[in-house]
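A.B. asks: Sequence:
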Amino acid sequence: MRQETRMHLAMIVSALFWAGAFIAGKIGVREFSPYELTFFRFLFATILIFIILYHKEKGNWQLERSLWPLTILLGLIGMFGYHVLFFTALKYTTAVNSSIIGATNPLITTILAAFFLGEYLSLKRMGAILLALLGVVLTVTNGDLSVLWNFTFNIGDIIMLGAVICWAIYSILSRRAKGRVSSLKLMTYVFMVCLIAMFPFVIYEKVWTKLLTISWQGWVSVIYMAVFPSVLGYLVQMASIRQIGASRTAVYVNLVPVFSMILSYFILHEPIGWFKFFTAGMIISGVYLSSKS
Numbered sequence: 001m002r003q004e005t006r007m008h009l010a011m012i013v014s015a016l017f018w019a020g021a022f023i024a025g026k027i028g029v030r031e032f033s034p035y036e037l038t039f040f041r042f043l044f045a046t047i048l049i050f051i052i053l054y055h056k057e058k059g060n061w062q063l064e065r066s067l068w069p070l071t072i073l074l075g076l077i078g079m080f081g082y083h084v085l086f087f088t089a090l091k092y093t094t095a096v097n098s099s100i101i102g103a104t105n106p107l108i109t110t111i112l113a114a115f116f117l118g119e120y121l122s123l124k125r126m127g128a129i130l131l132a133l134l135g136v137v138l139t140v141t142n143g144d145l146s147v148l149w150n151f152t153f154n155i156g157d158i159i160m161l162g163a164v165i166c167w168a169i170y171s172i173l174s175r176r177a178k179g180r181v182s183s184l185k186l187m188t189y190v191f192m193v194c195l196i197a198m199f200p201f202v203i204y205e206k207v208w209t210k211l212l213t214i215s216w217q218g219w220v221s222v223i224y225m226a227v228f229p230s231v232l233g234y235l236v237q238m239a240s241i242r243q244i245g246a247s248r249t250a251v252y253v254n255l256v257p258v259f260s261m262i263l264s265y266f267i268l269h270e271p272i273g274w275f276k277f278f279t280a281g282m283i284i285s286g287v288y289l290s291s292k293s
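The letter at position 215 of the sequence shown is residue 215 when you use UniProt numbering, and the numbering goes up by one with no holes.
Calculated from the structure, these hints are not laboratory results. Incorrect hints may appear among the rest.
[Stated by the list, open to error] When the alpha-carbon atoms are kept at most 25 Å apart in a straight line, the in silico PhoX-like pairs for lysine-lysine are as follows:
| # | residue 1 | residue 2 |
| --- | --- | --- |
| 1 | Lys91 | Lys206 |
| 2 | Lys91 | Lys210 |
| 3 | Lys178 | Lys56 |
| 4 | Lys178 | Lys58 |
[What the hints assert, rightly or not] Cβ pair distances, simulated, as ranges:
| # | residue 1 | residue 2 | range |
| --- | --- | --- | --- |
| 5 | Gly143 | Trp219 | 45 to 51 Å |
| 6 | Leu268 | Trp208 | 26 to 32 Å |
| 7 | Lys206 | Leu134 | 43 to 49 Å |
| 8 | Phe116 | Lys206 | 38 to 44 Å |
| 9 | Val220 | Ile12 | 21 to 27 Å |
Predicted model only: the values in this text are computed from it and were never measured. Each residue gets a CB set at the ideal place from its N, CA and C atoms; glycine is no exception.
With these hints in hand, go ahead and build the complete structure from the sequences.
C.D. replies: So, in structure tokens, the structure goes:
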């Protein structure tokens, strides 16, 4: 099997890992608060990715002092902000809805980049964005547009949109580090910032009083999210960008809501009607067309 083919297969597996995070998160919020779940996810993920960084970049694993302000900002917005909102959203909405809304991240990033960085938006790309955003609206309202006038939609879906905006801002800000630090080193310290920021919240919630009451399913969900989507998925993505390019790698993100719907059906027994497939298809098509324009 050719190396490029293996990389394409690895990205499919990574998309499956990322989809699994929505399922694991839904299981985890049954027993952990959003702050506790974020803390333990990044506790295990930071330890693992730091070990990888230390062995991969021996003698060069420390972060340069000039990069700390940007790293702290990235950790607070992209990791702390995104994951707290993500896990909070899962308390109120389904894994299916959250994954479908999460699929708009590339489009939200494109919109913010156009407004704040002055990046050019062609008519074709604008049409693709509108197609995907219409898919989000239909997902959030479940096809009943009158809901928009009554404001009775699922608060979890709105919180998930907030999480996506946090990640889009993170994506834009992280461009400032391009060429100044390796992606692995930056991500390691961003993880660390998030972990440190979580300490006051888990101390306030007295997390140590409930550790022995957490079921094995709860701990498995945490370890899964720390190891597979956070570390392994990210490392495969980095390797894929180097080998097959950023645009071809990004296409595989479109598989996440599809895998999430399948996993949600079999593991969480969440119902999936034709309408969810339809709205997911709109969003995926919009993201794909936008990436090609």
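A.B. asks: Could you run down the list of hints and mark each one as holding or not?
C.D. replies: So, going through the hints one by one against the coordinates:
Our distance criterion of 25 Å between C-alpha atoms is met by Lys91 and Lys206, whose separation comes to about 20 Å. Among the hinted pairs, Lys91 with Lys210 is consistent with the structure: their alpha-carbon atoms are about 19 Å apart, no more than 25 Å. Proposed proximity of Lys178 and Lys56 is supported: the alpha carbons are some 19 Å apart, at most 25 Å. A hinted pair counts as satisfied when its Cα atoms are at most 25 Å apart, and Lys178 with Lys58 qualifies at roughly 21 Å.
Checked against the hint of 45 to 51 Å, the C-beta distance between Gly143 and Trp219 comes to roughly 38 Å, which is inconsistent with it. Roughly 29 Å separates the CB atoms of Leu268 and Trp208, a value that falls within the hinted 26 to 32 Å. For the pair Lys206 and Leu134, the beta carbons lie near 45 Å from each other, so the given range of 43 to 49 Å is met. Distance hint for Phe116 and Lys206: a CB-CB separation of about 40 Å, consistent with the stated range 38 to 44 Å.
With their beta carbons about 23 Å apart, Val220 and Ile12 fall inside the hinted range of 21 to 27 Å.
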